[in-house]
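Chemist: Protein chains in written order, with the working numbering: chain A, -18 to 146; chain B, 167 to 386.
In short, the hints are calculated from the structure, not lab data. From a predicted model like this one, the values you see are computed outputs, not experimental measurements. Mixed in with the good hints there might be a few duds.
Far from chain B by the CB rule (all over 12 Å, computed), these chain A residues [claimed, not checked]:
1. I14
2. V23
3. T36
Within a straight-line C-alpha distance of at most 20 Å, the following computed SDA-like cross-link-like pairs (lysine to any residue) qualify [what the hints assert, rightly or not]:
4. A:K133 / B:F272
5. A:K65 / B:A369
6. A:K88 / A:D16
7. B:K307 / B:E372
8. B:K307 / A:M97
9. A:K65 / B:D361
10. B:K339 / B:E325
11. A:K62 / B:V340
12. A:K104 / B:K331
13. B:K331 / B:G310
In this text, a Cβ means the ideal position worked out from N, Cα and C, and glycines have one as well.
Chain by chain, the residues:
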Amino acid sequence: MNRFISSFIAVSLCLAAPGLACAADVTLGNLKIADPYARAMVPGAEVGGGYLTITNSGKTEDRLVSATSSRAVKVEIHEMKMDKDVMVMRKLENGLPLPAGKSVQLKPGSYHVMFMDVVDPFKQGETIKARLTFEKAGSIDVDFPVGSAIAKKAGNGGDHANAAE
Amino acid sequence: MPTQLNERRSTSRISLHSGKEKPMFTKEWSIPAILTVFLLGVCGLIAYFTWSLIPPATAAESHMGGPFNLIDDRGQPITEQALKGHPSLIYFGYTHCPDVCPTTLFEMAGWFKTLGPEADRLKAYFFSVDPERDTPDVMHKYTGNFTDRITGVTGDTAEMQKAIKAWRVYAKKVPSPGGDYTMDHTASVLLVDADGNLRSLIAYGEDEGVALQKIRNLLK
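Next comes chain A alone, as it looks inside the complex (with noise of 0.2 Å):
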């Protein structure tokens, strides 16, 4: 029944929102993933960043290690960090770690897919399909609904920054 009324409550809010991306989350084996965005790309990038929360509720730790997308020639597993005042990204050649019991956010600012050689820039309402591959819990496709170009969660794609204003 609560599980009832949480959906209910889900559903209206999504109704009660238009034009709010309201990805569904899914669930593969014991990782739930939640709140999948990206963030529309400047014309002139070739780059843009996918986000989402990856709860691993098993007992063992799991690894998300690679993706891809028609989207991109390539899709790579990114950690960014801020390094005093200098940036500084690396691909994770490991993937990344999602341990047992934990949720790891991928966010601007720290983890993200990186999809990288995009022909077509991802624009703002537009979905981009990608397939993740998790070590353990194998492979599952994912939309990523586009938001602004400086987006910093699923579902404000009409943020104040709209880059032709």
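For this one, chain A is given, so just place chain B on it according to the hints.
Modeler: Just chain B now, with coordinates in the frame of chain A:
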């Protein structure tokens, strides 16, 4: 040596008792007194020199920049002369940058919008730390998307290195195993006055109010 000192003390003590207090008192205290005055003088001199040396030292340090021959996003040559005579925002980044660079340039566009005519004299430059991939055409498409107030700067790699060094910015090419590469780079915006002095920095993710105040200070 200590014995001699002790002897002297004992003599002065004896003299004290003998009733000739004043001259003996002066003699006993004259050395420490002179020493104190001397030390105070030395301290004063040190303080004076430190005080007088600090301002020119910082001024010299904040004076940055140097000659470069690069190309702007319209394909026109651009040199360090372009940065003179008006306040500037200078940012080093690259277009294959998924997060920090577009965010910063968006924020920059927002600052121009908020400041309006207040920022008429202000110019902004986006220098590419990745001139190999960032051709003038790529830079034009890229910067034009944020605001028409940002000039993209790219060109010869060696010339860009000159600009990077002159502005004491950190930029490093890091090869990825797949043959690609990423760039580590300083993510702060440099606030430079009309004389080419670095006046302040806006850090990545800095509060908008603080950033605007820093720019207003630069425009004063």
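Chemist: All hints are to be evaluated individually against the structure, with a verdict given for each.
Modeler: Verification of the supplied hints:
In this structure I14 of chain A is separated from chain B by more than 12 Å, as the shortest Cβ-Cβ distance comes to about 20 Å. Once the 12 Å rule is applied to beta carbons, V23 of chain A is inconsistent with being away from chain B; the minimum gap is 5 Å. No Cβ of chain B comes within 12 Å of the Cβ of T36 of chain A; the nearest lies about 23 Å off, and the non-interface call holds. With a C-alpha separation of about 13 Å, the suggested pair K133 of chain A and F272 of chain B falls inside the 20 Å cut-off, and the hint holds.
Restraint check: the Cα-Cα separation between K65 of chain A and A369 of chain B comes to about 10 Å, which is no more than 20 Å; the hinted pair holds. Under the criterion of a C-alpha separation no larger than 20 Å, the hint pairing K88 of chain A with D16 of chain A is consistent with the structure, at around 10 Å. The hinted pair formed by K307 of chain B and E372 of chain B fails the criterion: a straight-line CA distance of about 26 Å is larger than 20 Å. A C-alpha spacing of about 18 Å is found between K307 of chain B and M97 of chain A, which places the hinted pair at or below 20 Å, so the restraint holds.
The suggested pairing of K65 of chain A with D361 of chain B is violated, with an alpha-carbon distance near 28 Å, which exceeds 20 Å. For the hint pairing K339 of chain B with E325 of chain B, the CA-to-CA distance comes to about 16 Å; that is within 20 Å, so the pair holds. Our distance criterion of 20 Å between C-alpha atoms is met by K62 of chain A and V340 of chain B, whose separation comes to about 14 Å. Under the criterion of a C-alpha separation no larger than 20 Å, the hint pairing K104 of chain A with K331 of chain B is inconsistent with the structure, at around 36 Å.
For the suggested pair K331 of chain B and G310 of chain B, the alpha carbons sit about 26 Å apart, so the restraint of at most 20 Å is broken.
This entry does not satisfy hints 2, 7, 9, 12 and 13, going by the numbered hints stated previously.
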